[in-house]
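**Q** The primary structure of each chain is shown beneath.
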Amino acid sequence: MGRGDRVFAGVATALAAAVPLLLVAIVLLLMADALPAVQRYGLGFLTNSMWDPVAEKFGAAAYAYGTVVTSALALLIAGPIGVGCALFIAEYAPASVRGLVAFLVDLLATIPSVIYGLWGFFVLAPVMRSGLEPFLKNTFGPLPVVGALFTGPAVGRDLLVAGVILAIMILPTVTAVSREVLRAVPDTQREGMLALGATKWETISKAVLPYARGGIAGALILGLARALGETMAVTMVIGNSSTRIQASLFTPGYTLASAIANQFTEADKAIYFSAIITIALVLLLVACALNILARLLVWSVSRGPGAGSVRA
Amino acid sequence: MGSDGGPRLEVDSLSAWYGERKAIENISLTVAPHRVTAIIGPSGCGKSTVLRCMNRMHEVVRGAHAEGKVSLNGEHVYAPEVDPVRGRRLVGMVLQKPNPFPMMSIFENAVAGLRLEGGHQQRELEEIGEHALRQAALWHEVKDIWKTASGASLSGGQQQRLCIARAMAVEPQVILMDEPCSALDPIATARIEELLHELKRDYTIAIVTHNMQQATRVSDFTAFMLSEEDRIGRLVEFASTPAIFNSPSESRTQDYISGRFG
Amino acid sequence: MTELELTTWRRVKTAALLAPSPSFDRRRVSNALASGFMLVSAAIAVSVLTLIVGNVVMSGWPALNLAFFTERPLPPGEVGGGVAPAIVGTLLMVAVGSCIGVPVGVFTAVYLSEYGRGGLAHTVSFVIDLIAGLPSIAVGVFVWAFLVRNVVGQYNGLAGGVALAIVMIPIITRTVEETLRLVPDSLREASLALGIPTWRTILRVVLPTAKAGLVTGVVLSLTRAGGETAPLLLTALGNQFFNLDPRQPMAALSVQIYQYARSPYPDWHAKAWAAALVLITLGAALSAVTRWAIQGRRKFG
Numbered sequence: 009m010g011r012g013d014r015v016f017a018g019v020a021t022a023l024a025a026a027v028p029l030l031l032v033a034i035v036l037l038l039m040a041d042a043l044p045a046v047q048r049y050g051l052g053f054l055t056n057s058m059w060d061p062v063a064e065k066f067g068a069a070a071y072a073y074g075t076v077v078t079s080a081l082a083l084l085i086a087g088p089i090g091v092g093c094a095l096f097i098a099e100y101a102p103a104s105v106r107g108l109v110a111f112l113v114d115l116l117a118t119i120p121s122v123i124y125g126l127w128g129f130f131v132l133a134p135v136m137r138s139g140l141e142p143f144l145k146n147t148f149g150p151l152p153v154v155g156a157l158f159t160g161p162a163v164g165r166d167l168l169v170a171g172v173i174l175a176i177m178i179l180p181t182v183t184a185v186s187r188e189v190l191r192a193v194p195d196t197q198r199e200g201m202l203a204l205g206a207t208k209w210e211t212i213s214k215a216v217l218p219y220a221r222g223g224i225a226g227a228l229i230l231g232l233a234r235a236l237g238e239t240m241a242v243t244m245v246i247g248n249s250s251t252r253i254q255a256s257l258f259t260p261g262y263t264l265a266s267a268i269a270n271q272f273t274e275a276d277k278a279i280y281f282s283a284i285i286t287i288a289l290v291l292l293l294v295a296c297a298l299n300i301l302a303r304l305l306v307w308s309v310s311r312g313p314g315a316g317s318v319r320a
Numbered sequence: 121m122g123s124d125g126g127p128r129l130e131v132d133s134l135s136a137w138y139g140e141r142k143a144i145e146n147i148s149l150t151v152a153p154h155r156v157t158a159i160i161g162p163s164g165c166g167k168s169t170v171l172r173c174m175n176r177m178h179e180v181v182r183g184a185h186a187e188g189k190v191s192l193n194g195e196h197v198y199a200p201e202v203d204p205v206r207g208r209r210l211v212g213m214v215l216q217k218p219n220p221f222p223m224m225s226i227f228e229n230a231v232a233g234l235r236l237e238g239g240h241q242q243r244e245l246e247e248i249g250e251h252a253l254r255q256a257a258l259w260h261e262v263k264d265i266w267k268t269a270s271g272a273s274l275s276g277g278q279q280q281r282l283c284i285a286r287a288m289a290v291e292p293q294v295i296l297m298d299e300p301c302s303a304l305d306p307i308a309t310a311r312i313e314e315l316l317h318e319l320k321r322d323y324t325i326a327i328v329t330h331n332m333q334q335a336t337r338v339s340d341f342t343a344f345m346l347s348e349e350d351r352i353g354r355l356v357e358f359a360s361t362p363a364i365f366n367s368p369s370e371s372r373t374q375d376y377i378s379g380r381f382g
Numbered sequence: 535m536t537e538l539e540l541t542t543w544r545r546v547k548t549a550a551l552l553a554p555s556p557s558f559d560r561r562r563v564s565n566a567l568a569s570g571f572m573l574v575s576a577a578i579a580v581s582v583l584t585l586i587v588g589n590v591v592m593s594g595w596p597a598l599n600l601a602f603f604t605e606r607p608l609p610p611g612e613v614g615g616g617v618a619p620a621i622v623g624t625l626l627m628v629a630v631g632s633c634i635g636v637p638v639g640v641f642t643a644v645y646l647s648e649y650g651r652g653g654l655a656h657t658v659s660f661v662i663d664l665i666a667g668l669p670s671i672a673v674g675v676f677v678w679a680f681l682v683r684n685v686v687g688q689y690n691g692l693a694g695g696v697a698l699a700i701v702m703i704p705i706i707t708r709t710v711e712e713t714l715r716l717v718p719d720s721l722r723e724a725s726l727a728l729g730i731p732t733w734r735t736i737l738r739v740v741l742p743t744a745k746a747g748l749v750t751g752v753v754l755s756l757t758r759a760g761g762e763t764a765p766l767l768l769t770a771l772g773n774q775f776f777n778l779d780p781r782q783p784m785a786a787l788s789v790q791i792y793q794y795a796r797s798p799y800p801d802w803h804a805k806a807w808a809a810a811l812v813l814i815t816l817g818a819a820l821s822a823v824t825r826w827a828i829q830g831r832r833k834f835g
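Residue numbers (our numbering), protein chains in the order written: chain X, 9 to 320; chain S, 121 to 382; chain U, 535 to 835.
Derived by calculation from the structure, the hints in this document are not laboratory data. Mixed in with the good hints there might be a few duds.
Label pairs and their computed distance ranges (CB to CB) [as the list claims (entries may be wrong)]:
(1) A255(X) / R243(S): 46 to 52 angstroms
(2) K217(S) / L151(X): 49 to 55 angstroms
(3) P102(X) / H196(S): 23 to 29 angstroms
(4) G155(X) / P800(U): 35 to 41 angstroms
(5) P161(X) / A629(U): 46 to 52 angstroms
(6) D264(S) / L151(X): 47 to 53 angstroms
(7) S557(U) / S378(S): 49 to 55 angstroms
A virtual CB, placed ideally from N, CA and C, is assigned to each residue, including glycine.
Throw the hints in and build the complete structure from the sequences for me.
**A** This is the structure we're talking about:
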């Protein structure tokens with residue numbers, strides 16, 4: 009290896025090695041800055057819903073609740089529709105349409121978050137307030153258990169709208185990964201089912217989807233991970249006001265991410281910063297964990313299902 | 121050709137295309153009742169295409185279509201009022217690479233076809249499943265684990281017998297096999313060839329094979345196909361197996377059999 | 535059974551299995567419903583896209599004029615002015631991000647594709663995926679803690695650029711690595727057989743062959759960086775005046791959209807839509823030009 013080779017290889021290796029170092033630096037720095045808050049509030053930070061900067065009481069439970077509810081809602085909507093889209097593209101669409109639809113769905117992923125927020129704020133929210141939310145309130149509000157989700161004034165800037173916007177944003181992720189997964193299912197599985205006299209849907213539901221279920225789960229988890237970290241679109245439609253945990257989807261609130269965006273520039277005390285950075289750390293760790301889990305699941309489908317496993 | 125009562129599949133002037141490309145032309149043969157009919161020929165000559173037209177699996181590929189007549193016991197399989205999905209129930213298929221459903225147990229695999237049509241009690245399913253597995257000479261090897269082990273946990277030869285059982289459980293009239301042994305070792309192959317002799321008592325069988333010795337071992341009738349420079353598969357000769365291999369009437373048949381090309 | 539009876543029985547069975555049947559009709563209905571659901575899902579996705587882009591175009595187009603691109607914002611409430619500082623700021627910070635992100639991304643991709651075998655390579659690849667999945671606001675917090683609070687002492691454009699770089703690196707690395715892997719080994723071997731050292735082979739043979747993928751990857755990361763908002767909120771903050779000094783707060787188009795949208799002024803709302811239109815159009819144009827340029831000379835030798 010000549011000198012030129014050594015230098016070049018050295019540079020490439022150094023820069024590449026800088027990448028894991030970067031991640032380590034991010035985690036360590038956030039941990040260091042979060043330490044004061046963690047030491048002071050401990051686990052109560054996540055279970056306490058009282059967030060009072062003046063009195064130096066920081067409990068992010070309401071924010072965590074907002075994140076969980078909006079992300080769950082997003083997954084509930086984007087899951088079936090995203091997988092449905094993927095199935096349409098992979099199994100149903102004629103050749104002429106397939107490329108176009110795939111391209112258009114991928115295009116959704118390229119729209120910046122702030123533009124989703126803009127659209128959500130000026131177009132979706134008013135439509136929700138004047139149309140969908142009263143409809144939901146009148147239809148489901150009176151029902152016993154479910155009704156609690158649809159009570160209270162429906163202003164159009166609440167957990168529900170945030171959930172819907174998030175659903176649109178994670179749809180392309182769920183579809184794209186699901187498409188990859190479906191492509192990894194061998195054709196012989198489909199043929200085996202068809203040869204037994206199955207309809208197309210039966211082939212999909214009994215052979216293709218069970219085979220791909222790990223990967224589809226991975227797609228959903230990746231969508232979830234994306235939803236968790238979404239900041240701008242959410243912060244523009246979620247209201248950012250109340251910090252009480254209430255059952256109704258019509259309540260405005262915060263998510264962990266939107267809380268950071270909203271309050272960061274207002275923070276004045278060290279402990280205030282520390283509390284916000286703790287939130288950022290939590291978001292980061294959860295996003296990483298979900299990402300790892302999802303990739304393991306997706307990877308397992310292309311490897312093929314394990315032999316000898318008990319029927320689940 | 122045998123004139124026994126029994127399921128009979130007739131192919132008459134069958135041609136098939138993949139999009140614009142013609143794959144086979146003007147194929148006519150009879151899959152005789154309770155006999156094994158083999159289709160042989162060099163690779164790429166369209167043997168599998170002919171087989172797949174028999175249960176309308178050919179048209180599953182986008183842009184593929186076929187013309188001509190295929191009839192099962194006199195019923196036209198390609199008639200417009202026939203739903204291919206229902207037709208496939210009558211004609212079972214076993215593919216080259218064993219394809220058990222890995223997410224299902226051996227039992228579930230065996231009765232997968234029955235579950236599609238519904239209306240069977242658990243007891244009934246277990247009986248039919250066991251019967252099919254016995255017919256496929258697999259029962260004794262799996263009877264202790266058939267409900268707990270995945271279909272994919274078996275060896276290659278066992279998987280293929282499971283696929284055969286799965287095809288038989290729905291009681292088709294004809295069984296199609298597309299090079300069923302080419303992915304298996306010689307011992308597994310021998311077991312399946314043994315199986316074929318017993319199966320033809322109850323079923324009519326068509327088998328595609330690139331192994332001429334296999335054709336002589338298992339089949340009663342043989343169709344020899346060839347594709348020329350235009351890559352369109354045509355039927356060269358169709359006769360009883362002894363006639364084809366001992367005294368073929370076409371010189372091309374003679375050349376293929378004696379290994380001049382392949 | 536006599537032979538005739540057997541034949542008739544089989545024929546009856548065939549016909550019976552092809553005759554109408556309620557249970558099969560149910561299956562057919564389920565099949566049709568499922569197909570309908572898939573179609574509707576795709577239709578929903580496409581419609582939503584059309585709706586959003588349509589709204590951006592319709593609401594943004596009227597507010598586009600020369601002043602929009604060349605003037606700085608007027609005091610709140612006054613109608614007129616433009617977002618020039620934000621445009622300049624975005625361009626500047628994306629440029630800073632590229633200066634850091636492109637070399638790191640490309641070299642990391644080169645490392646993974648041409649050199650790396652074993653532990654470090656797996657780690658790097660794995661971490662690249664993790665960084666790609668980080669919430670961008672967390673990246674912003676990190677850069678704030680590191681550059682805003684400590685190194686510079688105030689919100690600044692440099693920190694914004696660095697935050698964008700972190701966002702860009704995984705995108706560039708992934709795309710370029712994929713393209714490099716597609717370059718046939720025979721090209722490398724031919725070059726090496728001529729006595730050309732590895733590093734020259736990579737620079738003169740492999741990378742140029744992968745030019746298309748390189749450009750695509752960089753363009754992809756540029757468009758993504760241009761639209762990022764959250765990390766910039768915490769690092770560059772925003773600025774209504776022209777500012778080219780990276781040590782000072784800097785405006786960005788995406789942040790401007792956010793700030794204008796929350797304001798009470800209709801003129802600013804219109805400008806927010808216009809800015810959104812500019813961002814989307816720029817992204818689409820860059821993609822289209824890249825694709826067109828690649829078509830012109832796609833050859834892998």
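**Q** If you check the beta carbons of S557(U) and S378(S), does the distance land in 49 to 55 angstroms?
**A** At roughly 54 angstroms between Cβ atoms, S378(S) and S557(U) fall inside 49 to 55 angstroms, so the hint holds.
**Q** If you check the beta carbons of D264(S) and L151(X), does the distance land in 47 to 53 angstroms?
**A** 51 angstroms, holds
**Q** I want to verify a distance hint. Is the separation of the beta carbons of P161(X) and A629(U) within 46 to 52 angstroms?
**A** Check passed, 47 angstroms falls within 46 to 52 angstroms.
**Q** If you check the beta carbons of G155(X) and P800(U), does the distance land in 35 to 41 angstroms?
**A** The hinted range 35 to 41 angstroms holds for G155(X) and P800(U), with Cβ atoms some 38 angstroms apart.
**Q** In this structure, is the beta-carbon distance linking A255(X) and R243(S) contained in 46 to 52 angstroms?
**A** 47 angstroms, holds
**Q** Should the hint that K217(S) and L151(X) are 49 to 55 angstroms apart at their CB atoms be regarded as holding?
**A** 52 angstroms, holds
**Q** Measuring from beta carbon to beta carbon, are P102(X) and H196(S) in 23 to 29 angstroms?
**A** 27 angstroms, holds
Every hint from the earlier list agrees with this structure, and none is contradicted.
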